[in-house]
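For the record, the sequence lines run as chains A and B.
Taking numbering that gives the first Met the number 0, I'd label the letters of the first sequence as residues 0 to 181.
Taking numbering that gives the first Met the number 0, I'd label the letters of the second sequence as residues 0 to 175.
Because the hints were derived from the structure by calculation, they are not lab data.
Incorrect hints may have been included.
Claimed, not checked - Each computed DSS-like pair below joins lysine-lysine, with the alpha-carbon atoms no more than 25 Å apart:
1) B:K152 / A:K88
2) B:K64 / A:K134
3) B:K61 / A:K57
4) A:K13 / B:K34
5) A:K134 / A:K123
6) B:K34 / A:K88
7) B:K34 / A:K173
8) A:K123 / A:K57
9) A:K164 / A:K134
10) A:K66 / A:K88
11) B:K34 / A:K123
12) B:K152 / A:K30
13) A:K30 / A:K92
14) A:K57 / A:K30
15) B:K61 / A:K20
16) A:K13 / A:K88
17) B:K34 / A:K179
18) B:K152 / A:K13
Claimed, not checked - Example chain B residues on the side facing chain A (calculated, C-beta under 10 Å, incomplete):
19) L148
20) S150
21) E151
Stated by the list, open to error - Residues from chain B that keep clear of chain A, each with C-beta distances beyond 12 Å, as calculated:
22) N7
23) N19
24) S36
25) S41
26) G43
C-beta atoms are modelled at their ideal positions from N, C-alpha and C, and glycine is treated no differently.
Residue-level listing of the chains:
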Amino acid sequence: MQLIAEEALIDQLKNPETREKAFSVLLNTYKERLYWHIRRIVLNHDDADDVLQNTFIKVYRNIEGFKGDSKLYSWMYRIATNESLTFIKQRSKKSGITDEELKNRMVENLEADIYFEGSEIQMKLQQALATLPDKQKLVFNMKYYQEMKYEEISEVLETSVGALKTSYHLAVKKIEAYIKAD
Amino acid sequence: MGKKDKHNFKTPEGYFDSFNERLMQRLQSEEADEKLSFLPESDGFKTPTAYFEGVEENVLSKLTKKQPKVITLRPYRKYLYGATAVAAALILFFTLNLETESPVAFEDLASAEIDAYLENTELDLSSYELAELVSIEDVALTDVMDAPLESEKILDYLDENIDDIEELNLNFEDYE
């Protein structure tokens, strides 16, 4: 995952003279991975685009405060995760419904989404994922569809590898039960 | 290795010759197991054509967009606010002085009104603040829950809140 020399890039990002160029490198290196991470949480393309832009704006505005305790990519993934979950919370509050109701609506809306292939099994998978707690859903998507290693997920979610394996195991069991139920 | 091994055990013919091949086969089949047969190959999400090519431009244009200057409309409004505040203070002063009846007691409030207040007001109490207000002896699980706890819910709760659920040494089969 570490495609770019992080330390040098962080220095360039903190230096006003090199910031713009370094930010462009950062953006082009991570835009696709962060987009897919966000998209799998908010489901809709336009919402994912909004959240992705907000994520990069937050990264740009807060890079001065980045202490380097964690890796740059895991810091950005954390911002993307928080922005996505906050987006869902704000929208459910605005609509006067619970997060769970909103998540079910988001899945229903996929049926008419032109940027979703929408086969029967893909639809069922999304319905199954909507029944999982946030953490299990995150771990499952990051491991299975984003093909991240447990060590990388552990840095992003600040959870031990053992706990992540348990979450993944539980998520897979529940998804399997849901899909095979009918 | 040239020496004859000093033991009486035997292996099937060609065992060591085919060992590498069998090991590789097993590794490959384990990798294949990681792909779950009941799941679709792709989860079906797509993007508009050439979407990623425009992301940088969109982010940079948002970043460089200057904050619009705020122009105060109707500057006399602040005087109006001042006058309103004085009037409100005077009304409050006279109302309090004229009030001779006994003040409204907590008992006078209908429980429906209290319920409505609690429903519609965000109290924003943390669990620690709540714990300070209500003693643990006064709380039973049935006060807050209508249905009995399902073991799966307990497992999800522990998974969400305990850093390393494996340390609890749970037997997962009991919960499936």
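Hint check:
For the suggested pair B:K152 and A:K88, the alpha carbons sit about 22 Å apart, so the restraint of at most 25 Å is met. The hinted pair formed by B:K64 and A:K134 fails the criterion: a straight-line CA distance of about 35 Å is larger than 25 Å. Among the hinted pairs, B:K61 with A:K57 is consistent with the structure: their alpha-carbon atoms are about 11 Å apart, no more than 25 Å. With a C-alpha separation of about 42 Å, the suggested pairing of A:K13 with B:K34 is violated against the 25 Å cut-off.
Distance restraint check for A:K134 and A:K123: the Cα-Cα separation of roughly 19 Å lies within the 25 Å cut-off, and the hinted pair is therefore satisfied. Taken as a hint, the B:K34 and A:K88 pair is broken in the structure, with Cα atoms around 32 Å apart against an allowance of 25 Å. For the given pair, B:K34 sits about 16 Å from A:K173 by alpha-carbon distance, which is consistent with the 25 Å threshold. About 34 Å separates the Cα atoms of A:K123 and A:K57, which puts this hinted pair outside 25 Å; it is violated.
Taking the CA atoms of A:K164 and A:K134, the gap is about 12 Å. The hint holds against a cut of 25 Å. At most 25 Å may separate the alpha-carbon atoms for a hinted pair to count; A:K66 and A:K88 exceed this at roughly 28 Å. Annotation: proposed proximity of B:K34 to A:K123 holds, straight-line Cα distance about 17 Å (limit 25 Å). Between B:K152 and A:K30, the direct Cα distance comes to roughly 36 Å. Violation of the 25 Å bound is thereby established for this hinted pair.
For the suggested pair A:K30 and A:K92, the alpha carbons sit about 28 Å apart, so the restraint of at most 25 Å is broken. Between A:K57 and A:K30 the CA atoms are separated by roughly 14 Å; this keeps the pair inside 25 Å, and the hint holds. At roughly 16 Å between alpha-carbon atoms, B:K61 and A:K20 fall within 25 Å of each other, so this suggested pair holds. Proposed proximity of A:K13 and A:K88 is contradicted: the alpha carbons are some 32 Å apart, above 25 Å.
Note on B:K34 and A:K179: the hinted pairing holds, with a Cα-Cα distance of about 17 Å set against a maximum of 25 Å. In summary, the hint linking B:K152 to A:K13 is not supported, as the alpha carbons are separated by about 45 Å, beyond the 25 Å threshold. With 10 Å as the threshold, the beta carbon of B:L148 stays out of range of chain A, its nearest partner Cβ sitting at about 15 Å, so the hint is violated. Restraint check, B:S150 versus chain A: the minimum CB separation of about 12 Å is more than 10 Å; hint violated.
For B:E151, the interface hint holds, the least distance from its beta-carbon to any beta-carbon of chain A being 8 Å, beneath 10 Å. With a least beta-carbon separation of about 43 Å from chain A, B:N7 lies farther than 12 Å from that chain, consistent with its non-interface assignment. The beta carbon of B:N19 sits about 27 Å from the closest Cβ of chain A, which is more than 12 Å, so the claim that it is off the interface holds. Taking the minimum C-beta to C-beta distance to chain A, about 10 Å, the non-interface status of B:S36 is violated against the 12 Å cut.
Not every Cβ of chain A is farther than 12 Å from the Cβ of B:S41; the closest lies at roughly 7 Å, contradicting the non-interface assignment. For B:G43, the non-interface assignment is contradicted: its Cβ lies about 4 Å from the closest Cβ of chain A, within the 12 Å cut-off.
In this structure, the earlier hints numbered 2, 4, 6, 8, 10, 12, 13, 16, 18, 19, 20, 24, 25 and 26 are contradicted, and the remaining ones agree with it.
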